[in-house]
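Throw the hints in and build the complete structure from the sequences for me.
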Amino acid sequence: GAGVSQSPRYKVAKRGQDVALRCDPISGHVSLFWYQQALGQGPEFLTYFQNEAQLDKSGLPSDRFFAERPEGSVSTLKIQRTQQEDSAVYLCASSPAMSEQFFGPGTRLTVL
Amino acid sequence: QKEVEQDPGPLSVPEGAIVSLNCTYSNSAFQYFMWYRQYSRKGPELLMYTYSSGNKEDGRFTAQVDKSSKYISLFIRDSQPSDSATYLCAPHPGGTSYGKLTFGQGTILTVHP
Chain X
927 GAGVSQSPRY
937 KVAKRGQDVA
947 LRCDPISGHV
957 SLFWYQQALG
967 QGPEFLTYFQ
977 NEAQLDKSGL
987 PSDRFFAERP
997 EGSVSTLKIQ
1007 RTQQEDSAVY
1017 LCASSPAMSE
1027 QFFGPGTRLT
1037 VL
Chain V
774 QKEVEQDPGP
784 LSVPEGAIVS
794 LNCTYSNSAF
804 QYFMWYRQYS
814 RKGPELLMYT
824 YSSGNKEDGR
834 FTAQVDKSSK
844 YISLFIRDSQ
854 PSDSATYLCA
864 PHPGGTSYGK
874 LTFGQGTILT
884 VHP
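Chains as they are written, first to last, in the working numbering: chain X, 927 to 1038; chain V, 774 to 886.
Bear in mind the hints are in silico, worked out from the structure with no lab data behind them. Among these hints, one or two may not hold up.
[What the hints assert, rightly or not] Selected chain V positions facing chain X (Cβ under 8 Å, derived; list incomplete):
id : residue
1  : ARG814
2  : LYS815
3  : PRO817
4  : GLU818
5  : LEU819
6  : LYS873
7  : LEU874
8  : GLN878
9  : GLY879
10 : LEU882
11 : PRO886
For every residue, glycine included, the Cβ atom is placed at its ideal position computed from N, Cα and C.
Written out as structure tokens, the structure reads:
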């Protein structure tokens, strides 16, 4: 079956622009995570959803970052007024409850 | 100090070599110890995990945990060029935790034919 998909795969934004990154989890997966992976680093947790409820957003670096999952399936990570330090790969992962996380290929964001 | 420390390498070995990848951690609550493999331009994929201290073997891969010294190792025997990737350790508290992962920095491994 299909894995986790993310779009776009690559995004170039000018500093100050808003961007929206999409994640399509594996069908039926209750849990959804967003991670940020800077160049040469391991992924760092941003936020977690259980169905449509955002239960943990402690990793979001600033109030410019916003995530939603309104129907408990597709999720969108939005970054407002992008800054150069936002340049990273944004990974989405989904899992059945309390189980292995399956990662998407990521969206590589470059802010110029 | 980061919760999970991992030597970033890079590590370059000839085909057939034994590879040792290591992490240290500081949180005594960690009970599960995952290893992820990440190929270039791909997301991480779970390679194997162990629970508490001890060894676990899966084919050419062996994971080892020493909770007394908070030290995690992954050994790869008879390494192959297809093993070339970034390896990430990710200890986890387990229990009622919902699955938020704390990753090490990752070690870049290249296996030369």
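The hints, checked one at a time:
With a cut of 8 Å, the hint placing ARG814 (chain V) at the interface with chain X holds, because the nearest CB-to-CB distance is about 7 Å. For LYS815 (chain V), the shortest C-beta to C-beta distance to chain X is roughly 6 Å, which falls under 8 Å, so the interface hint holds. The closest approach between the C-beta of PRO817 (chain V) and any C-beta of chain X is roughly 5 Å, which is under the 8 Å cut-off, so the hint is satisfied. The interface hint given for GLU818 (chain V) holds, since its Cβ lies 7 Å from the closest Cβ of chain X, which is under the 8 Å cut-off.
Using the Cβ-Cβ criterion of 8 Å, the hint placing LEU819 (chain V) at the interface with chain X is satisfied: the shortest such distance is roughly 5 Å. Hint status for LYS873 (chain V) relative to chain X: holds, with the closest Cβ pair at about 5 Å, below 8 Å. The beta carbon of LEU874 (chain V) comes within 7 Å of a beta carbon in chain X, closer than 8 Å, and the hint placing it at the interface holds. Given hint, GLN878 (chain V) at the interface with chain X, holds; its Cβ is 5 Å from that chain's nearest Cβ, closer than 8 Å.
Proximity of GLY879 (chain V) to chain X holds as hinted, the smallest CB-CB distance being about 5 Å (cut-off 8 Å). Of the supplied interface hints, the one on LEU882 (chain V) is violated, with its beta-carbon coming no nearer than about 14 Å to a beta-carbon of chain X, more than 8 Å. Nearest Cβ of chain X to the Cβ of PRO886 (chain V): about 25 Å, over the 8 Å cut. The hint is violated.
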